[in-house]
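**Student:** Heads up: the protein sequence lines correspond to chains A and B, in order. Note that the first sequence covers residues 1 to 290 in my numbering. Note that the second sequence covers residues 1 to 275 in my numbering.
None of these hints come from the bench; they were simulated from the model. Treat the hints with caution; some may be incorrect.
Pair ranges (Cβ atoms, derived) [claimed, not checked]:
{"no.": "1", "chain 1": "A", "residue 1": "182", "chain 2": "B", "residue 2": "132", "range": "34 to 44 Å"}
{"no.": "2", "chain 1": "A", "residue 1": "190", "chain 2": "B", "residue 2": "172", "range": "25 to 35 Å"}
{"no.": "3", "chain 1": "B", "residue 1": "163", "chain 2": "A", "residue 2": "4", "range": "18 to 28 Å"}
{"no.": "4", "chain 1": "A", "residue 1": "126", "chain 2": "B", "residue 2": "163", "range": "55 to 65 Å"}
{"no.": "5", "chain 1": "B", "residue 1": "135", "chain 2": "A", "residue 2": "200", "range": "38 to 48 Å"}
{"no.": "6", "chain 1": "A", "residue 1": "236", "chain 2": "B", "residue 2": "37", "range": "26 to 36 Å"}
{"no.": "7", "chain 1": "B", "residue 1": "232", "chain 2": "A", "residue 2": "126", "range": "13 to 23 Å"}
{"no.": "8", "chain 1": "B", "residue 1": "46", "chain 2": "A", "residue 2": "49", "range": "56 to 66 Å"}
{"no.": "9", "chain 1": "B", "residue 1": "172", "chain 2": "A", "residue 2": "273", "range": "17 to 27 Å"}
{"no.": "10", "chain 1": "B", "residue 1": "85", "chain 2": "A", "residue 2": "4", "range": "20 to 30 Å"}
{"no.": "11", "chain 1": "B", "residue 1": "11", "chain 2": "A", "residue 2": "184", "range": "30 to 40 Å"}
{"no.": "12", "chain 1": "A", "residue 1": "151", "chain 2": "B", "residue 2": "232", "range": "45 to 55 Å"}
Derived, one-sided and incomplete: chain A residues facing chain B with beta-carbon distance under 7 Å [claimed, not checked]:
{"no.": "13", "residue": "13"}
{"no.": "14", "residue": "14"}
{"no.": "15", "residue": "17"}
{"no.": "16", "residue": "35"}
{"no.": "17", "residue": "38"}
{"no.": "18", "residue": "81"}
{"no.": "19", "residue": "89"}
{"no.": "20", "residue": "110"}
{"no.": "21", "residue": "114"}
{"no.": "22", "residue": "134"}
{"no.": "23", "residue": "148"}
{"no.": "24", "residue": "227"}
Where is the CB? At the ideal position from N, CA and C, for every residue including glycine.
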Amino acid sequence: MRKYWVDGTFILPAFVVFTVFLVIPVLSSFYYSLTDWNGLNPETHFVGLSNYFKLLTDQDVWNAIKNTFLIAICLTVGKNVLGLTLALGLQGTGRIHRILRVWYLIPVMLSALAIGYIWAYMYSPSDGVINTLLGMLHLDGLARDWLGQSDLAIYSIIFVSIWHFVGFTMIIYVAGLQSVPSEVYEAAYIDGAGRWSMFKNVTFPLIAPSFTVNMIVNMIVGIKIFDTIFVMTNGGPGTSTENLSILLYRQAFSFDRMGYASAIAVVMFMTILILSIVQITLLRKREVEY
Amino acid sequence: MDLYNRNSLLTRFILALWAIVVLIPILIVVFVAVKAPSELAQGPLSMPASLEWANFAAAWNQGAMSSSLMNSIAIAGTSVITIILLSSAAAYPLSRRKKKWATVTYLYFLSGMMIPFQMTMIPLYKLLGQLNLIGKYPGPIFIYIALGLPFSIFLYTAFFKSIPQEIEESALIDGCGPYRTFWSILFPLLKPVTSTLLIMNTLTIWNDFFVPLLFLQSKQARTIPLSIYSFTGEFVNQWNLIFAAVIIGSLPLILLFLVLQKQFIQGMASGAVKG
Numbered sequence: 001m002r003k004y005w006v007d008g009t010f011i012l013p014a015f016v017v018f019t020v021f022l023v024i025p026v027l028s029s030f031y032y033s034l035t036d037w038n039g040l041n042p043e044t045h046f047v048g049l050s051n052y053f054k055l056l057t058d059q060d061v062w063n064a065i066k067n068t069f070l071i072a073i074c075l076t077v078g079k080n081v082l083g084l085t086l087a088l089g090l091q092g093t094g095r096i097h098r099i100l101r102v103w104y105l106i107p108v109m110l111s112a113l114a115i116g117y118i119w120a121y122m123y124s125p126s127d128g129v130i131n132t133l134l135g136m137l138h139l140d141g142l143a144r145d146w147l148g149q150s151d152l153a154i155y156s157i158i159f160v161s162i163w164h165f166v167g168f169t170m171i172i173y174v175a176g177l178q179s180v181p182s183e184v185y186e187a188a189y190i191d192g193a194g195r196w197s198m199f200k201n202v203t204f205p206l207i208a209p210s211f212t213v214n215m216i217v218n219m220i221v222g223i224k225i226f227d228t229i230f231v232m233t234n235g236g237p238g239t240s241t242e243n244l245s246i247l248l249y250r251q252a253f254s255f256d257r258m259g260y261a262s263a264i265a266v267v268m269f270m271t272i273l274i275l276s277i278v279q280i281t282l283l284r285k286r287e288v289e290y
Numbered sequence: 001m002d003l004y005n006r007n008s009l010l011t012r013f014i015l016a017l018w019a020i021v022v023l024i025p026i027l028i029v030v031f032v033a034v035k036a037p038s039e040l041a042q043g044p045l046s047m048p049a050s051l052e053w054a055n056f057a058a059a060w061n062q063g064a065m066s067s068s069l070m071n072s073i074a075i076a077g078t079s080v081i082t083i084i085l086l087s088s089a090a091a092y093p094l095s096r097r098k099k100k101w102a103t104v105t106y107l108y109f110l111s112g113m114m115i116p117f118q119m120t121m122i123p124l125y126k127l128l129g130q131l132n133l134i135g136k137y138p139g140p141i142f143i144y145i146a147l148g149l150p151f152s153i154f155l156y157t158a159f160f161k162s163i164p165q166e167i168e169e170s171a172l173i174d175g176c177g178p179y180r181t182f183w184s185i186l187f188p189l190l191k192p193v194t195s196t197l198l199i200m201n202t203l204t205i206w207n208d209f210f211v212p213l214l215f216l217q218s219k220q221a222r223t224i225p226l227s228i229y230s231f232t233g234e235f236v237n238q239w240n241l242i243f244a245a246v247i248i249g250s251l252p253l254i255l256l257f258l259v260l261q262k263q264f265i266q267g268m269a270s271g272a273v274k275g
């Protein structure tokens, strides 16, 4: 009995803060999504599922869902491919390997806000760095209004987010690669495995836990992404870079539609929950022990 | 082993290219921050003719950065220390008890990793308003602690499992109570994960823009990111001031990272990928 009491004192403080400031607000969101609360007026009405029905026919919502998925997929694929490539290249113990590992992590230390400003400057159409560089290389034909063109802006933002956080993905792969005992490689090498076959049959299966973490974390980050878009385009031009996060913020704080915004939040949460469960189930299956 | 060091030409090319892609924007920030305003018109790639340190002084004063620096330090410091204490304590019984309630509690905490902050922002806005905590320290601190706990508990629990239970048993025989065992014997052993979490949580909280945007709008209460954000509205994109402010606001974190980077990478290896 005493043991439970002791365990309780260890867990309780974390449990209380977590419940009051995270879990209860989430549950209240479910409730608010069933009301017409506008955030200002204390009087609210229970409106059942009508916010959700309205969601179904709202073009902005479908556009935001489309953009959310596009961003999340491109980010997850981009960061994993580049992050794994960098990690594989940096397995050595040499000085240059150690320097580059830290070098690639520096953008991770910067805030999304700072990154947003830096890249807004890089991308600016007339005096921006990228277009100036292209001009110097006599590639003026490739110069674009990177954030002002509605078909291009979303990819410009995706690139910035990859630039920002690929170091984090890389370092998790570096950690995973370090935990693979070198005898495994030696054995495969002696067996005559080539570079590609070594990667496909030995390295990749053994770093499956890092792969799982990176897939799930990057997907969740990709769905939630807010600051970078808010600073760089605020959803524009038009609604071409508006994702669920930006739409939710706008509905809640520009249009004072808290009930409707809560319904969008619930949709976002469900999306993350379902995709996480699917990913965990699929990815855990291919993890191997050694 | 030598196998690692033999990168193909393509890999070397990618490594070098990405190093440059990381370098250029950072170099540009530094260049612009030390350029005189008149020099900005000469194109972004021109070298600064002279070093205009006055930009930093102007950014510091106009952004009221001394107070936002203090706010950031107070909020991030309190939140991170509390996260580390609460999550390591909670992870201890959760990793040791092979009972159903322990698994359920562990999953309860873990589910927090999937919750987007946006999901909680509207109710929290109401809650903090009712508690009269808008524009004050405790609101954001509690929010950051709650948001930081899941991943921290996840890493600590994974790491605890690699610490042999015999250590606690011998401490018990020597007469240590559970609290002393935890604090004097186990907590010091957690150092690799603690440094990783110290960096990661500081990073997230220091750089966060969303929570201050909602809850710390006033000039006295705002943190570094809001200070930087204020330059766009009030001073219509004065790039050299913005970038000077970006450097001032990022430098503490980059220094912290450079000091702790070895532990950060080791901590990742020992915790993040074994859960």
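**Student:** Honestly, which of those hints from before does the structure not fit?
**Tutor:** Of the numbered hints given earlier, those the structure breaks are 1, 2, 5, 9, 11, 12, 16, 17, 18, 22 and 23, listed in rising order.
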